[in-house]
Amino acid sequence: MPAITHEDNMTQDPTRRAPLVLGEPDLASVTETVCRIAERPGATPAWYVAFVVSVALTLILFGSIGYLIIHGIGVLGNNSPVFWGFPIINFVFWIGIGHAGTLISAILFLFRQKWRTSINRFAEAMTIFAVACAGIFPAVHVGRIWVIYWLAPYPNQMALWPNFRSPLLWDVVAVSTYATVSLLFWYLGMIPDLATLRDRATTKPRSILYGLFALGWRGSASQWHRFETAYLLLAALATPLVLSVHSVVSFDFAVAQLPGWHTTIFPPYFVAGAIFSGCAMVVTLAVPARAIFGLKSLITMRHLDNMNKLILGTSMLVAYAYMVEWFMAWYGGNPKEIFAFVNRALGPYAWGYWLMVLCNVVVPQLFWFKKWRTTPWLMLIVAILVNVGMWMERFVIIVASLSRDFLPSSWGMFKPTSIDILMMIGSFGLFFTLFLLFCRFLPVVAMAEVKAVLPTRDPR
Amino acid sequence: MNPVAEQSGTSQVAGILAEFRDSEDLVAAAAGVRAAGYSQWEAYSPFPVHGLVAAMGRRKTRLPWLVLLAGLAGGGGAVALQWWTNAVNYPYLISGKPYFSLPANIPIIFEFIILLSAIAAFGGCLALSKLPQWYHPLAASPRFRRASTDGFFITIDASDPCFDDAITTQLLQSLGTVTTEFFYRIDSKRGLPKYAIPTIAILSALALLPPVWIAKARYKQSSLPRIHLVRDMDLQSKYLPQQTSSFFVDGRGMRPPVPGTIAVGTPVENTHLRLGTVHGLPASSFPLDVTAELVERGRQRYNVYCATCHGLAGDGDGITSQLAFDREEPKWIRPLSFHLELVRDQPAGLLYQTISDGIRKMPAYGSQIPIQDRWAIVLYVRALQRSRNASIEDVPTDLREYLR
Numbered sequence: 138m139p140a141i142t143h144e145d146n147m148t149q150d151p152t153r154r155a156p157l158v159l160g161e162p163d164l165a166s167v168t169e170t171v172c173r174i175a176e177r178p179g180a181t182p183a184w185y186v187a188f189v190v191s192v193a194l195t196l197i198l199f200g201s202i203g204y205l206i207i208h209g210i211g212v213l214g215n216n217s218p219v220f221w222g223f224p225i226i227n228f229v230f231w232i233g234i235g236h237a238g239t240l241i242s243a244i245l246f247l248f249r250q251k252w253r254t255s256i257n258r259f260a261e262a263m264t265i266f267a268v269a270c271a272g273i274f275p276a277v278h279v280g281r282i283w284v285i286y287w288l289a290p291y292p293n294q295m296a297l298w299p300n301f302r303s304p305l306l307w308d309v310v311a312v313s314t315y316a317t318v319s320l321l322f323w324y325l326g327m328i329p330d331l332a333t334l335r336d337r338a339t340t341k342p343r344s345i346l347y348g349l350f351a352l353g354w355r356g357s358a359s360q361w362h363r364f365e366t367a368y369l370l371l372a373a374l375a376t377p378l379v380l381s382v383h384s385v386v387s388f389d390f391a392v393a394q395l396p397g398w399h400t401t402i403f404p405p406y407f408v409a410g411a412i413f414s415g416c417a418m419v420v421t422l423a424v425p426a427r428a429i430f431g432l433k434s435l436i437t438m439r440h441l442d443n444m445n446k447l448i449l450g451t452s453m454l455v456a457y458a459y460m461v462e463w464f465m466a467w468y469g470g471n472p473k474e475i476f477a478f479v480n481r482a483l484g485p486y487a488w489g490y491w492l493m494v495l496c497n498v499v500v501p502q503l504f505w506f507k508k509w510r511t512t513p514w515l516m517l518i519v520a521i522l523v524n525v526g527m528w529m530e531r532f533v534i535i536v537a538s539l540s541r542d543f544l545p546s547s548w549g550m551f552k553p554t555s556i557d558i559l560m561m562i563g564s565f566g567l568f569f570t571l572f573l574l575f576c577r578f579l580p581v582v583a584m585a586e587v588k589a590v591l592p593t594r595d596p597r
Numbered sequence: 040m041n042p043v044a045e046q047s048g049t050s051q052v053a054g055i056l057a058e059f060r061d062s063e064d065l066v067a068a069a070a071g072v073r074a075a076g077y078s079q080w081e082a083y084s085p086f087p088v089h090g091l092v093a094a095m096g097r098r099k100t101r102l103p104w105l106v107l108l109a110g111l112a113g114g115g116g117a118v119a120l121q122w123w124t125n126a127v128n129y130p131y132l133i134s135g136k137p138y139f140s141l142p143a144n145i146p147i148i149f150e151f152i153i154l155l156s157a158i159a160a161f162g163g164c165l166a167l168s169k170l171p172q173w174y175h176p177l178a179a180s181p182r183f184r185r186a187s188t189d190g191f192f193i194t195i196d197a198s199d200p201c202f203d204d205a206i207t208t209q210l211l212q213s214l215g216t217v218t219t220e221f222f223y224r225i226d227s228k229r230g231l232p233k234y235a236i237p238t239i240a241i242l243s244a245l246a247l248l249p250p251v252w253i254a255k256a257r258y259k260q261s262s263l264p265r266i267h268l269v270r271d272m273d274l275q276s277k278y279l280p281q282q283t284s285s286f287f288v289d290g291r292g293m294r295p296p297v298p299g300t301i302a303v304g305t306p307v308e309n310t311h312l313r314l315g316t317v318h319g320l321p322a323s324s325f326p327l328d329v330t331a332e333l334v335e336r337g338r339q340r341y342n343v344y345c346a347t348c349h350g351l352a353g354d355g356d357g358i359t360s361q362l363a364f365d366r367e368e369p370k371w372i373r374p375l376s377f378h379l380e381l382v383r384d385q386p387a388g389l390l391y392q393t394i395s396d397g398i399r400k401m402p403a404y405g406s407q408i409p410i411q412d413r414w415a416i417v418l419y420v421r422a423l424q425r426s427r428n429a430s431i432e433d434v435p436t437d438l439r440e441y442l443r
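Residue numbers (the working numbering), protein chains in the order written: chain P, 138 to 597; chain L, 40 to 443.
If you are wondering where the hints come from, they were derived from the structure by calculation, not from laboratory data. There could be a bad hint or two in this list.
What the hints assert, rightly or not - Covered by chain P, per the in silico footprint, the following chain L stretches (three or more residues, Cβ under 8 Å): (1) 83-95; (2) 178-191.
Stated by the list, open to error - Output of the computed footprint for chain P on chain L, the stretches with three or more beta carbons under 8 Å from beta carbons of chain P: (3) 101-110; (4) 118-124.
The C-beta atom is built at its ideal place from N, Cα and C for all residues, glycine as well.
With the hints as constraints, model all of the structure from the sequences given.
What follows is the structure, encoded as structure tokens:
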């Protein structure tokens, strides 16, 4: 059997099934490739540089949050009439990023898309870190964060209960459920790989720590049987959950009566946008990660090609949603609604709208060309622009709509403060810090799953 | 002798470990072990091998049923929670909608179903597999460590009724094992340290103290002020009564009233001008000189403050009044026409008091209109009243010709 080359992996010949991993890795070499990353005594200089920068940004984030808590939310740009500024934009942005991770880990699993195996672990990690970043923003922008537990339904001396018919409470429940389920799904899938790291550990601390988190996994037939059942069930639970989370996030807007928000297309529109932005973030992370950590044989060009096709597809879904919004504004005949959209395209935030259209609709069309889909630095440019575009989308939805509501006398412009901007940049720092720690100490590729799809898993 | 056995000295054989070349051999051997009648045994692989559980004759896991139960409990619990909290214990009236309506409760029900199912899937998977398990006899075998990388193993426990060192080894060899070795019962020292369990128990008990303390504080009465961890609005940058201030020269936070301030109820000088009374009764004369300028000032002020309700001519038909009648506002009281006998007979001081203090639905204008202007308005109202009840004798003689 000839060695499998890059070209073979990209084959479009329907009579040949493209291999999911390159080279001829056997079981031991998969373990070796993945574990080596976590077992290296020191990281590469690139990792250290990235880590120091990320930690610095994370400190800025927590510093800003401390300043915010001490001084109150007046330090943010949120003010009449734009009461939802950067915190909610960042929240929706980050929660959306998470969705692609669940798509890859759960939805593609249910559809038996075996190519997902080598990218699902870090896509799930991305989900959890993105949800962690997202959760910070609504929590700190409530003002008195020390009474945030009032959101929970618990018997209290005020004899009050939360209003379960409010989309804002649905949002709290949906996002915390999403964070919990994603974490359980990620951790459950990682237990066998943590056991591999435990069994390979050469030092006492590694042996104890990995042993603690591997929970005594031995890989017995009955354990694997229950593991696979639980994994399938979690995938089946996470699939409707991921669709519900961004739908519920969109209810925060759609249930309000503000022109530009009050529309039934929001749930599917938000879900498509979330997966779109998340896929772009997967590419943004995968391209440097596979180069730095030597994973090119596991995270192959075909994986990136598939992700880019997903970006292209979801970009067109998002473009369709933009068009439907315009159509509904016109067809509905409501002058306020028509004004809201004309204002988006021609009003004071027109620059944001057209930047959004450029990044989300025009730029991804480059992925029709194979060269753009298969050249790492070119796809990185597109992916980063998509991330910018999706951030702008939330900016346009929130700021452009709130700044021009029904009463012209209460119109006003939004101006972010330096704390707003530092918190946004800082959240990227937190995200990358967590991601770098994950790359350094945990199995970045689901070894057991890759082994199960290896063509060479049985030597004979 | 096995090196592990040597280390642990008097260890007892816990079972036999046999390695196989790949997953196909493992499945075939598992079927063989099963056929030989063993019951206390297990197969291990680095990835899930399909068909292995069936070959071993093990039944399918009950995990899906557990998850179903948890999901139902989550859904039922969410319905009950929302019903109890929002419809019974603290009914929320929202735009006249029913207190309990399923469509509005679906998102929470859905999320609770997913949350509890997922926790059950995760927890059930571990619990049914008896995890976490901090130590296991096989952990002592260096060979077995490869089970998580590329090793395929079968273990047969010594506790199995069919187990026999020689016969079992022979069986495994006949099933194509690469190598076999014995593994041994764990020396208790190799597991969790002895002090671990009591330590965890004591720490857990200590961790319960704060919630118990809080619960006690909730149900016990105390004369001490409550503990406020976060001061919230208790702490405001303002002076409370009797506080000192470094800002003012006299060092007092409380400031004396500005000079000339009078207390409520203090006798007023010139009651005629200020209150419109003379000897406690409404004055019938004007405290100011009646001039054409004052009438003109009164006309101008009247049109600003009064005409919207009372009408430009004082008939009680201003635009506000008309609008209220058009809309049949039930609480609207139409202002009386100034040309009624009742109003015409009122002394000027009474009109002044009405403007100052308000009457019926009419608010007090004393705070908005200065005293002189109030008297000017009274004068203009008098002029309006006169205009409807005048005779030709009231007109100056040089203008009478003009009227005819």
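Hints, verified against the model:
Check result for the region 83-95 of chain L against chain P: holds, 9 residues qualifying (beta carbon to beta carbon below 8 Å, three or more required). For the region 178-191 of chain L, the stated coverage by chain P holds: 6 residues have a C-beta nearer than 8 Å to a C-beta of that chain, and at least 3 were required. With 3 residues bearing a CB less than 8 Å from a CB of chain P, the region 101-110 of chain L meets the requirement of three and the coverage assertion stands. Here's how the region 118-124 of chain L fares: 3 of its residues keep a CB closer than 8 Å to some CB of chain P, so the rule of at least three is met and the hint holds.
Checked against the numbered hints given earlier, this structure breaks none of them.
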